[in-house]
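Visitor: What follows is each chain in one-letter form.
Protein chains: 2
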Amino acid sequence: MMVNHAVDIAEKFSLFSEPWSPKVVATLNDYEIKLVRIKGEFVWHTHDDTDELFLVTDGTLTIQLRDGDVTLGPGQLFVVPRGVEHCPIADGEVQAMLIEPAGVRNTGSAGGARTAARDDSLLG
Amino acid sequence: MMVNHAVDIAEKFSLFSEPWSPKVVATLNDYEIKLVRIKGEFVWHTHDDTDELFLVTDGTLTIQLRDGDVTLGPGQLFVVPRGVEHCPIADGEVQAMLIEPAGVRNTGSAGGARTAARDDSLLG
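Taken in sequence, the protein lines are chains A and B. Just so you know, we're using my numbering here: the first sequence kicks off at 1 and counts up by one. Just so you know, we're using my numbering here: the second sequence kicks off at 1 and counts up by one.
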């Protein structure tokens, strides 16, 4: 029998240290709840078919957008609308939760070296 | 032009005080991000067609399930699987974020007095 238990975000973050490597920690229908460490600048990219939610739990994240930046601290969230080009950047290190449908490529249409494979080693 | 800005969870909670009245603060595709104050016991209910995510931001929430309770503190989340009967309960007051598809009735198949209308007065 599955034992029901909470997902502790800080405890999950203690289990990995590499940036730009989102870890699936829960699923919600066909969506995935992922935790990611962000450090430095990502790549400009777009998800044509889906919105993407960022919720910061530690640090300060800037989501660069072509029409202005959004800055997020702990307890603040932003949904990047589908089709909107964006590029996350962090001066220090940021811990953030991402929510989007399963199967979305982290680098969107840009691809490249920072494209991450799905990692559900911390699921459950 | 829409100005891009973060949703500050604590600031949104400062704008309402009534329990059991979820407020939509953001949308993610056809899902809604809602904030809710929980105080006392809800009603046992089931969502047959969808999972439901609870993320606690303040206080301690117990999600009663027929096969065991799950207790959530700040920074902890739990996804109630579709079809699983559950009943949230809080000794003190809890602030929590809920994520589920738009149009889901808060009391599920149980209905009754605590059924809340959709409230997007804090959206954006």
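Hint data in this document are derived by calculation from the structure and do not stem from the laboratory. Don't take every hint at face value.
If chains are identical, the list can't say which one is meant, so a pair holds when it fits in one copy or spans any two.
Said to hold, decoys possible - Heads up, simulated SDA-like pairs for lysine to any residue below, C-alpha to C-alpha not over 25 Å straight-line:
{"no.": "1", "residue 1": "K12", "residue 2": "D48"}
{"no.": "2", "residue 1": "K12", "residue 2": "G68"}
{"no.": "3", "residue 1": "K39", "residue 2": "N4"}
{"no.": "4", "residue 1": "K12", "residue 2": "S109"}
Visitor: Does each hint fit the structure? Answer for all of them.
Guide: Status of each hint after checking the structure:
no., hint, in the structure
1, K12 with D48, "neither (30 Å within a copy, 29 Å between copies)"
2, K12 with G68, "between (32 Å within a copy, 23 Å between copies)"
3, K39 with N4, "between (33 Å within a copy, 22 Å between copies)"
4, K12 with S109, "neither (29 Å within a copy, 34 Å between copies)"
Comparing the model with each earlier hint shows violations of hints 1 and 4; every other hint is respected.
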